[in-house]
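**Q** Sequence:
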Amino acid sequence: MTRWVALLRGVNVNGITITSADLAALFRERGYQDVRTVLASGNVVFGSDGTAAALKTDIEQSLRDRFGYDAWIVLVPHDDLADIVDGFPFPAAEDHHDYVVFGSDDDALDDLLADLDVDETVERVARGSGVVYWSCPKGSSTDTVFAKRAGAARFKRTTTTRNVNTLRKLL
9 MTRWVALLRG
19 VNVNGITITS
29 ADLAALFRER
39 GYQDVRTVLA
49 SGNVVFGSDG
59 TAAALKTDIE
69 QSLRDRFGYD
79 AWIVLVPHDD
89 LADIVDGFPF
99 PAAEDHHDYV
109 VFGSDDDALD
119 DLLADLDVDE
129 TVERVARGSG
139 VVYWSCPKGS
149 STDTVFAKRA
159 GAARFKRTTT
169 TRNVNTLRKL
179 L
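One gets this note's numbering by counting positions in the sequence shown from 1 and adding 8 to each.
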């Protein structure tokens with residue numbers, strides 16, 4: 009059985025409220041094993057023998073059916089998560105937040121960075137394997153050049169962002 013991390017996009021924002029208990033119950037009802045939710049922002053660790061494509065389809069449709077919203081997730085093999093966190097390329101700084109942008113489509117991650125001109129004295133961005141690493145000043149995670157690009161509607165279905173501290177809790 010493979011351990012997975014399901015990262016839900018847009019949960020507990022913009023009027024889409026799903027409790028951790030309800031989310032865990034849904035995953036258990038779908039037959040997933042050893043289900044654990046982390047924080048109230050749509051993070052689920054679980055086990056399954058299914059393929060990534062089948063799991064993504066099943067989970068997204070189950071979320072749509074149960075909670076009535078247009079659900080999108082990014083699935084990450086749990087074994088890959090430590091490498092992703094350890095691969096964060098920028099030094100930690102007290103006045104910055106460190107994030108990882110996950111993508112279900114590598115082309116979307118490439119597009120996210122295409123022709124991007126960031127001021128590295130403000131924020132730093134780097135491509136990783138299946139992710140984009142991002143560090144920005146505290147309080148500016150919605151108004152930097154990269155934040156505005158990442159928030160564009162065209163990336164809504166294929167990307168989701170997590171703070172590195174949240175990712176450590178998923179390990």
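Rather than coming from a laboratory, the hints here were simulated on the basis of the structure. These numbers come from a predicted model, not from an experiment. Heads up, a few of these hints could be off.
Once the Cα atoms are required to be at most 27 Å apart in a straight line, the calculated DSS-like pairs of lysine-lysine come out as [claimed, not checked]:
no., residue 1, residue 2
1, K164, K64
2, K146, K177
3, K177, K164
4, K156, K146
5, K164, K146
6, K64, K146
Here are the simulated distance ranges between beta carbons [as the list claims (entries may be wrong)]:
no., residue 1, residue 2, range
7, E102, G136, 35 to 45 Å
8, D88, A48, 34 to 44 Å
9, D127, R36, 14 to 24 Å
10, L121, G18, 20 to 30 Å
11, G159, F98, 32 to 42 Å
12, D88, R165, 42 to 52 Å
13, A60, D151, 25 to 35 Å
14, A90, M9, 31 to 41 Å
15, A60, K177, 16 to 26 Å
16, A32, D125, 35 to 45 Å
17, D30, D123, 37 to 47 Å
18, R44, L121, 26 to 36 Å
No residue lacks a Cβ here, since even glycine has one placed at the ideal position from N, Cα and C.
**Q** Hint numbers the structure violates, sorted upward?
**A** 6, 7, 8, 9, 11, 12 and 14
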